[in-house]
Amino acid sequence: GIQVEQSPPDLILQEGANSTLRCNFSDSVNNLQWFHQNPWGQLINLFYIPSGTKQNGRLSATTVATERYSLLYISSSQTTDSGVYFCAVSPGNTPLVFGKGTRLSVIA
Amino acid sequence: KAGVTQTPRYLIKTRGQQVTLSCSPISGHRSVSWYQQTPGQGLQFLFEYFSETQRNKGNFPGRFSGRQFSNSRSEMNVSTLELGDSALYLCASSLGLDRSTDTQYFGPGTRLTVL
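As they're listed, the protein sequences go chains A and B.
So that you can map any letter, position 58 of the first sequence is 58 in the numbering used here, and since no number is skipped, the others follow by simple counting.
So that you can map any letter, position 91 of the second sequence is 91 in the numbering used here, and since no number is skipped, the others follow by simple counting.
Everything labelled a hint here was simulated from the structure, so no lab data went into it.
Among the hints, a few may not be true.
[To be verified] In silico SDA-like pairs for lysine to any residue, Cα to Cα no more than 20 Å straight-line:
id	chain 1	residue 1	chain 2	residue 2
1	B	Lys57	A	Lys54
2	A	Lys54	B	Ser100
3	A	Lys100	B	Gly40
4	A	Lys100	B	Gln41
5	A	Lys54	B	Tyr105
6	B	Lys13	A	Thr62
7	A	Lys100	B	Gly84
8	B	Lys57	A	Asp10
9	A	Lys100	B	Leu88
10	A	Lys100	B	Tyr105
11	A	Lys100	B	Phe60
12	B	Lys13	A	Gly92
13	B	Lys13	A	Gly1
14	A	Lys100	B	Thr38
15	A	Lys100	A	Glu15
16	B	Lys57	A	Pro91
17	A	Lys100	B	Pro39
18	A	Lys54	B	Thr103
[Claimed, not checked] If you want the ones that stay clear, here's a sample from chain A, every Cβ over 12 Å from chain B, calculated:
id	residue
19	Leu11
20	Glu15
21	Asp81
For glycine and all other residues, C-beta sits at the position ideal for the given N, C-alpha and C.
For reference, chain A alone in the conformation it holds in the complex (with noise of 0.2 Å):
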């Protein structure tokens, strides 16, 4: 099946610094998602972005869908937005494969 590796695992930030996540799966896909998971566990949709860039907020994402990978740019980190980021793909008409996810803390 398809693989998805994100890096980095883990990352910790400066209040107000910026942070690029990556994400490389390993086929062809139709859908890709960016999730937030916050420390109580919930996981919030960022982001829909097979292909293309798109922006909302400090966060913004691009996906090279020739090349494989996709990028989640946070702009001046604030201490909410710690939590784990998840990328999940899906090649075709299959449930999404969710990555490990990367680990990110802001400190204050």
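Let chain A serve as the given structure and place chain B on it in line with the hints.
For chain B alone, coordinates are given in the frame of chain A:
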């Protein structure tokens, strides 16, 4: 619009017991997917229901089962609980009509502890 709700939020059971978890999707969503999240295995797909039919199933033993009702609410059942079943069980709802554009919305999860 109300989000995805899951009940109960926390559950403690002993080995050998069975458990039923419930998920109410967003109004208008017909697909409900279940995931198990553990520190060691991450997020793993259990099964998906669409219009009361199981559409996909993950690689879990037959002790894990589910169903969906006509109002799209879904339940999952785990029989003969094992210590390794301790996990956060997440439910996600989506429209379910086109997988390529389907966006999943997750509930808060049920944290199951098996003693």
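Of the numbered hints stated earlier in the document, which are not met by this structure?
The structure breaks hints 1, 6, 8, 12, 13, 15; every other hint is satisfied.
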